[in-house]
Amino acid sequence: MSIRDNASVMAAALANKEISAVELANQHYEQIASVDKNVHAFLYLDKEGALAQAKEVDKKRAAGEKLSPLAGVPLALKDVMTQKGVPTTCGSKMLEGWRPPYDSTVVTKLKSAGIVILGKTNMDEFAMGSSTENSAFGPTHNPWDLTRIPGGSGGGSSASLAAYEAPLAIGTDTGGSIRQPAAVTGTVGVKPTYGGVSRYGLVAFSSSLDQAGPCARTVLDAALLHQVIAGFDPKDSTSINQAVPDVVAAAKKLDIKGMKIGVVKQLAGDGYQKGVESKFNEAVAELVKLGAEIIEVSCPNFEYALAAYYLIAPSECSSNLARFDSMRFGLRIGDDGVKGAEEVMNLTRQAGFGREVKRRIILGTYALSSGYYDAYYGSAQKVRTLIKRDFDAAFEKCDVLISPTAPTTAFKIGEKSNDPLAMYLNDIATIPVNMAGIGGMSLPCGLAEEDNLPVGFQIMSPAMKDDRMYLVGGALEAALLSKWGKPILDFAPKLAGSK
Amino acid sequence: MSLNYDQAIEKYEPTLGLEVHVELNTKSKMFCGCATEFGAQPNTQTCPVCLGLPGALPVVNKKAIESSILIGLALNCSIAPFSRFARKNYFYPDMPKNFQTSQYDEPICVNGFLDVEIEADDGMKSFRIEIERVHMEEDTGKSLHVGGSTGRIHGAEYSLLDYNRAGIPLVEIVTKIVPNTGKYAPQVARAYVAALRDILRSLNVSDVKMEQGSLRCDVNLSLSKIGSGKLGTRSETKNVNSLRSVERAAAGEVIRQANRLEAGERIVQETRHFLEESGQTRPGRSKEQAEDYRYFPEPDLVPVAPDAKWIEELRKTLPEKPAARRKRLQTAWSVPDKEMAAMVNAELLDTVEETVKLGADPTKARSWWLGEVSRVANDRGVLPTELISVKDIAQVIALIASGELTDKLARQVVEGVIAGEGSPSDVISKRGLKVVSDDSALMKAIEDAIAAQPDTAERVRGGNIPAAGALIGAVMKATGGQADAAKVRELLLKHLGQ
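Protein chains in written order, with my numbering: chain A, 16 to 514; chain B, -4 to 493.
Simulated from the structure, these hints should not be mistaken for laboratory data.
One thing to keep in mind: the hints can contain errors.
Claimed, not checked - 25 Å max Cα-Cα, derived PhoX-like pairs, lysine-lysine: (1) K498(A) to K268(A); (2) K250(A) to K83(B); (3) K354(A) to K137(B); (4) K250(A) to K58(B); (5) K57(B) to K250(A); (6) K373(A) to K83(B); (7) K282(B) to K250(A).
Unchecked claim - Label-pair distances were calculated between CB atoms; the ranges are: (8) Q36(B) to R347(A): 22 to 28 Å; (9) R347(A) to K386(B): 43 to 49 Å; (10) K70(A) to Q36(B): 35 to 41 Å; (11) G386(A) to E260(B): 27 to 33 Å; (12) R374(A) to G143(B): 50 to 56 Å; (13) F77(B) to K280(A): 34 to 40 Å.
Backbone N, C-alpha and C fix where the C-beta goes; we use that ideal spot for every residue, glycine too.
Just chain A, same shape as in the assembly:
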């Protein structure tokens, strides 16, 4: 067993007592110690808490207690989820040093499943960005090429998987923040149906779009983690009170004969890198070989998805981020006993928020202003309805829809940081899924011939039919693995110091 193994392999080794959870955690901490100075996937390591949890799992296993399938397997947690007593920064100066007094529901579920949380991963500030360059604590580097971005906002989580710093990670996805990082790092990332995983303890960026989900190196590992974190939560009014589809069984099934798979016409062409399109098409050919029926579908309103998203998400964020006011927690600037509360609030928000966050707060504040509300927020909501209708119509004809996850492979750090619109275009294929509240998965489908960097393949499934994307993803992954002869990450150049 090695840290390059998949989570399911590690889980089996733990169950067979070939390795203890403490040893496994320590091996990962060693890897982090040797590679993370270059990758910078982590913002905080909770060694003490993780080893205590690992020890507990080992003790229970020694006592013959029944444990959940992933007990003892390490995990990296995106720094946007609260974990009691562990610093949670959301990649922002605003929250530097804040230790939440409560666990998010996802963390509660991870803990009770015996999963060992190694630490908190880097992200674009408050999950706003597509490159992790907007982190107040410096960018994360893509393990495939350290001069490139790992995607965002969850670049830290995906990079930690690609760098073998953790076999599992939690991400959150508002417009693609799980899937796009997965695509550019050659890993798997899933955004479950909105309401499928509790948002309680997920520091909100855009409440109606945010969704936490699993990140892993294989579809099955993602399914195993999905099963742990999903389910109804009375603390989240928007969580869905329905049984979680059996995603693990779906990931293992590998049989997609006769399934109808729709290629979205609008998610191709202009702006899509040539190598991305060719790898995507090769994967589609694999699906055909597996007996799936490929149908071209048209979703004409997807054209407006990006514009509508950049009204809805900033509007909600302008309100969600109002609570960062220095009064009860986090950063406080200018409290000299002379300045008033209002001035201290202003100074704190000026100093605490980065440029992209401020840009979106200003955008959203403007879009919600009286006199503009109908034209901006109101129209965007209408577009959202139209996008939902496009999906509904497409799902009448198809079981799942597919597209490239991101239009390009990983770009260079700094390349787009002064061009917000170019940056926003990275999420053009992932945003419609959030707008409609359905499920989306990204899995690697090859290396683009121009740059030898991983390409992401997106599978979209109807609301609460998350099992379908796991079914198709699992089968495609198996077909590609046998075609390549080894996992895609084995094609990546070896990181300095990596085991």
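Chain A is already provided as a structure; the job is to place chain B on it using the hints.
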């Protein structure tokens, strides 16, 4: 030369609008499980949700929805099959999220009315107050600005924040404009708040204690020149905290606005604060530049869509309307208007009714509670029911009716119960207050009296009935006042052949 109220009202017609905030008496807050008890140590009834900590999410309190629906039904409103919460965005230190979660353009109840009566110059006069909406929202925290002269945030040295109140469920009841009340506007405003308070109390959805802030009223008032037919600019007098203040605030605004208009000045649209001591208002925030709250639907909550069946079930549980109940009891007990009003004002209607339910005569029950007991209660600054129970008063009244106590003895019994000597029976036996009703014991005293005053007895025998007084007095004296004088008289006269 400034106008007084009567002069002002001759020239100007007031238009009212009333906004009442009611703190519901749910055990937990609007969006979290925190306790709502009044007067707890600051910041002890808080959690990540009501402190607005990052990541926390609201969940609607079902009991609060139930209470809101009950209020809507009692005010003759339609209950919306689908309503939503919105976010009202503004920054203030005592508002944890810097937005208030409140219903906005989709309230839970709309279009109701409440009829109120006032005492006009020519008898009782009824007004229908139309209700525009009833909506739910959460309260903010409480700020205490220390230092500085005004108690306001500007000029304060520092401020203390208590978030116990943050997230307490509030219901806001907003009237449509109330026109054509003329000079009665202040009385109508008061009567409306009083009637609303009674309804809320009968529904048991709020403590409705104005002095503790669980019922707060904003009085909106504008004047238009009589005959002009044009509504004037209104002022909003905030958080008026007693019925009397509601009336005074409305009257005060009539005078203030009339005088401004007379002087050729314009009325500024603003909030004003009521000053308890002077009965006047002072200016608060100007509303000339409408604040932009950037309302939008609260994405963290699903819409409130109460089941029609549930609404009908709640409708069935509505108690009798307080005004109707008052009329019914007044007729049943034959109480004159004035006494009825006294009983209602003293808030003793429930107590008297409970006493009557235990078999007491309504008039007796009323006179005990409003008389003797209220007098002591007022002296001590407590509620009558804190001094003695309904059951004890009912028992005392029953003992009088059966002749076991005289009125005079009964007063001593009640005095004893209030003094903590136990139940009426305890006091009777401890103090030996039983009426001497044993005929043979009385006969002995009567015979003794006759023997001691033979001449007087002879006069009575001869038909001089009033002369019996002296004999009765002697018997009463001999029995230590514990005999029933009427009974003594009856036995004595019979004994002397009368």
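Structure-based check of each hint:
A threshold of 25 Å between alpha carbons decides the hint, and for K498(A) with K268(A) the separation of about 19 Å falls inside it, so the pair holds. A hinted pair counts as satisfied when its Cα atoms are at most 25 Å apart, and K250(A) with K83(B) qualifies at roughly 22 Å. Note on K354(A) and K137(B): the hinted pairing holds, with a Cα-Cα distance of about 21 Å set against a maximum of 25 Å. Taken as a hint, the K250(A) and K58(B) pair is honoured in the structure, with Cα atoms around 16 Å apart against an allowance of 25 Å.
At most 25 Å may separate the alpha-carbon atoms for a hinted pair to count; K57(B) and K250(A) meet this at roughly 14 Å. For the hint pairing K373(A) with K83(B), the CA-to-CA distance comes to about 20 Å; that is within 25 Å, so the pair holds. A hinted pair counts as satisfied when its Cα atoms are at most 25 Å apart, and K282(B) with K250(A) does not qualify at roughly 38 Å. For the pair Q36(B) and R347(A), the beta carbons lie near 24 Å from each other, so the given range of 22 to 28 Å is met.
The supplied range of 43 to 49 Å is broken by R347(A) and K386(B), whose beta-carbon atoms lie about 59 Å from each other. At about 39 Å, the beta-carbon gap between K70(A) and Q36(B) stays in the expected band of 35 to 41 Å. Taking 27 to 33 Å as the suggested C-beta distance range, the pair G386(A) and E260(B) conforms, at roughly 30 Å. The hinted range of 50 to 56 Å is not satisfied by R374(A) and G143(B), whose Cβ atoms lie roughly 38 Å apart.
F77(B) and K280(A) have their C-beta atoms about 36 Å apart, which keeps the hinted 34 to 40 Å range intact.
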